[in-house]
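> Based on the sequences and whatever the hints tell you, model everything.
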Amino acid sequence: MTHHSPHIPDVEGDRLEVLYEDKKPPYEDAEAIAEANRCLYCVDAPCIKACPTAIDIPTFIRKIGTGNVKGAARTILSQNLLGKSCGQVCPVEVLCAGACVYNDWHRDPIKIGRLQRYAVEKALAEDPQIFKPKAPTGKRIALVGAGPASVAAAGWLALEGHEAAIYEKKLLPGGLNTLGIAPYKMKVEEALQEITWVLSLGNVELYQGVEIVPVSGSSEEVSASSLLQQYDAVFLGLGLGPDSRLKIPGEDGGGVVGATHLIERLKADPTLRFKGVDRAIVVGGGNTAVDVAHELALLGIDATMLYRGGEEDLSAYEHELASGRVDGMKVLCERSPVAVLRDNVGKITGMRVIRTEDKKPVAGTEEDLRADLVVVAVGQSRMTEVARSFPGVELDMRGRVIVDPKTYRTGNPKVWSAGDCVNGGKEVVNAVAEAKIAVTSMHAYLMGVGA
Amino acid sequence: MADLSIDFAGIKSPNPFWLASAPPTNTGDQVMRAFDAGWGGAVWKTLGNPIVNVSSRFGGIDYGNTRMMGLNNIELITDRPLEVNFREIREVKRRYPNHAVITSLMVETKEEWKEIIQRAEEAGSDGHELNFGCPHGMCERGMGSAVSSEPKVLREIARWAVEFATKPVIVKLSPNVTDIVEPGEAVLESGAHAISLINTIKSIMAIDLDRMVPLPRVGNASTNGGYCGPAVKPVALHMVGELTRHPYVSKLPISGIGGISNWRDAAEFIALGCTSVQVCTAVMHYGYRIVEDMIEGLNDFLDSKGMKSILDLRGRAAPQYKNWGELDLGYRVVADISTDKCIGCQLCYVACMDGAHQCIHLPGRTEEQARKAGHTHIPKLIPDRAVTARGGAPGARVPFVDDDECIGCNLCQLVCPVSGCITMKEVPSGKPNESWNDRVQRGADFVPGGLHVTEVERAKR
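Chains as they are written, first to last, in the working numbering: chain V, 1 to 451; chain Y, 1 to 461.
Just so you know, the hints here were simulated from the structure itself, not pulled from any lab data.
Treat the hints loosely; a few may be bogus.
Said to hold, decoys possible - With a Cα cut of at most 27 Å, we get these calculated BS3-like pairs of lysine-lysine: (1) V:170 x V:185; (2) V:169 x V:185; (3) Y:12 x Y:372; (4) Y:372 x V:49; (5) Y:305 x Y:251; (6) V:49 x Y:341.
This one's a predicted model, so the numbers in the text were calculated from it and none came from an experiment.
Pasting the structure below:
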């Protein structure tokens, strides 16, 4: 264990992320109060039902309006410990704000995400001691992976008085919340600041640069069996694996990069520059593809999403597509990649694509598109090896960890799991909601209630 | 185009819209700009022996995003020399001979009243408004509202004014009394020509919870001020109504004051019996320019009702202001919620459950669930009506009114954010159209379930 410290490293250097401005900047007090006062304070509100973590939104908004910002933060965080980042990264357009009754009235829905961010940021800046942990129970839980599911779970376990130890193979904690969020929504420092707060809630350790493996071979590896021995319970917040590949000719070599890998570098790697990149093709029709194309477009690169289905088949959110298009991103539908084109020294020059109908290639319709960069955003692999190293933990056909949906307990009675590795890749707020269910079940087991 | 001009106790004005005596009528420059904007008259900032003012002076109360629903002030009468004021009045009257300039006055002794009335008339004042209403500062010196609360003193001073004045005398009343009829009758007895009301209401605007000092704050202390603005309009309408239904006081022209912010407010005061209306807070908030809409709106309203002049509207609603005992106990309305307009916020539901009679139901509940939620009467059928507003949220259900239990209180309609979504339908009540007074008359003023002693006493009678 090389890194044993609750200290979280800073990100340094001249990272491209800092070039981006917030699309939804933090509210000033007067803005927040004016927006809060618009809320009707609905009964049995549809926004609450639309929130995976069931935050009592009308109540926290009313509290902002009365100047009770600390109470607002308490209302939010008691349901969702990552309430601040969810305020920034949640697709509120399809969740809470999308359900706001104002939509029926053809009026602007309440800016719930911005209000939520405001309440938590302001309250925690004034007094981070918003919760007190219960008396120590002596129970110890290991959490594998430091993404949103594990961080939220660790925070709640700590508040119950348990000892939580998070094992993360990367040097920065937070998973996609730290390294995968579009920089105009949230920056690395903001994600790390939130994690620092969650880790301060109670007895939480963070082991960075440590990988969990079936059999330990080095000091930077810990075996699954030793975790099961040393701890009273284990939580798997594995997230997803590396970006999937296109498996087409010319893909190997410079100029072709996985989408999440590129976003991670854009956010945290001070050496990344797009020198000589004028045109980029982003392959994929989902939200990661939109994010990458949008981020590249904002840097002045001619970025085109390439998707084999039709416009109506795009799985990316409409509001994200619209926002990206406003910033210059293009979308080219009914095209499928055939090969990455390179010149005689292997430098990328473009991509050969073929037209599709019903997502199937139409023979003889190949065309060559110019590109200096190809980003592959067609999904991520699963962390099957780590999951399988815990006896009794089973995976479904798509590589997802199988859990009891009522408890998020796996086939191994000491192991729980939540987040992307279970749901196949959803929002931060889903990971938090699932983690909360898992913690409730773990806590009952650890304290000998209904286990 | 209706005729908006008025004759108020002999004071002519091109329209009924006057600026109340307050900061907007502090100087000649201001009054002339107001007349240019369209105001028909101005009651000059109260004249008297100059005083010294404090800083700060105003406090506001907001509700939600609405700023200055109410305003209070601790400013006193004019702090400028009388001669400066009279010179400016003279100039205003010279340039605007057809507009009404009324001098608000406040002094102490009979000799002072005599001098100030004469000097005001020499300056060209069209009439005098005796400020018996100011509820802060001046009342501590025996003037302002201190006079309104002593009908005898009021009558005495008003008599002096009538004696010294050749122009109409208007008495401005304070609302800070138990019964407005008492000072109203005193005005009538004094021989004064008209009444204006209400002046401001004694108030403390708020408390600064960090400094522990009331607002508005002057250093480390505050004092009670005069409350005005949209929030006081219902209080003002009631006091106007008390006088305009009085068999004798109602003969005096009344200038209505209190929260009037637009043509509709003005029309309401006129319908209740006022001849002119006075405006202050709305002008302090938005400027003289608001009068353009007031003139246009009142004109169009009169046209739409086929009324030719202010006189046609004046007092039309006054006879319908009655005592509770005269109201029809057989009249009944019940609430009706439109599925086309409902947005599913369910504010009507919670208001009815906790603040009214538990007669609004949520569809899709079992009887057990409804009873657990607090319903004691379950209708036979609760239709499962979905919101049909365009783009309605899937799954949103329209609350349902149990007609049998609805007592027609209006609360659901009042809390509904969507105008026109909840309407109150007239329905037969099955009860005779009679009032409580009618029931007293026929000896039916007994409701079972009361005190034993009352029943015993009743049996003896």
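> Evaluate each hint against the coordinates.
For each hint, the structure was consulted:
Note on residue 170 of chain V and residue 185 of chain V: the hinted pairing holds, with a Cα-Cα distance of about 22 Å set against a maximum of 27 Å. Note on residue 169 of chain V and residue 185 of chain V: the hinted pairing holds, with a Cα-Cα distance of about 25 Å set against a maximum of 27 Å. With a C-alpha separation of about 66 Å, the suggested pairing of residue 12 of chain Y with residue 372 of chain Y is violated against the 27 Å cut-off. Pair hint residue 372 of chain Y plus residue 49 of chain V holds up; C-alpha atoms about 21 Å apart against a cutoff of 27 Å.
Taking the CA atoms of residue 305 of chain Y and residue 251 of chain Y, the gap is near 25 Å; set against the 27 Å cutoff, the hint holds. Note on residue 49 of chain V and residue 341 of chain Y: the hinted pairing holds, with a Cα-Cα distance of about 22 Å set against a maximum of 27 Å.
Comparing the model with each earlier hint shows a violation of hint 3 alone; every other hint is respected.
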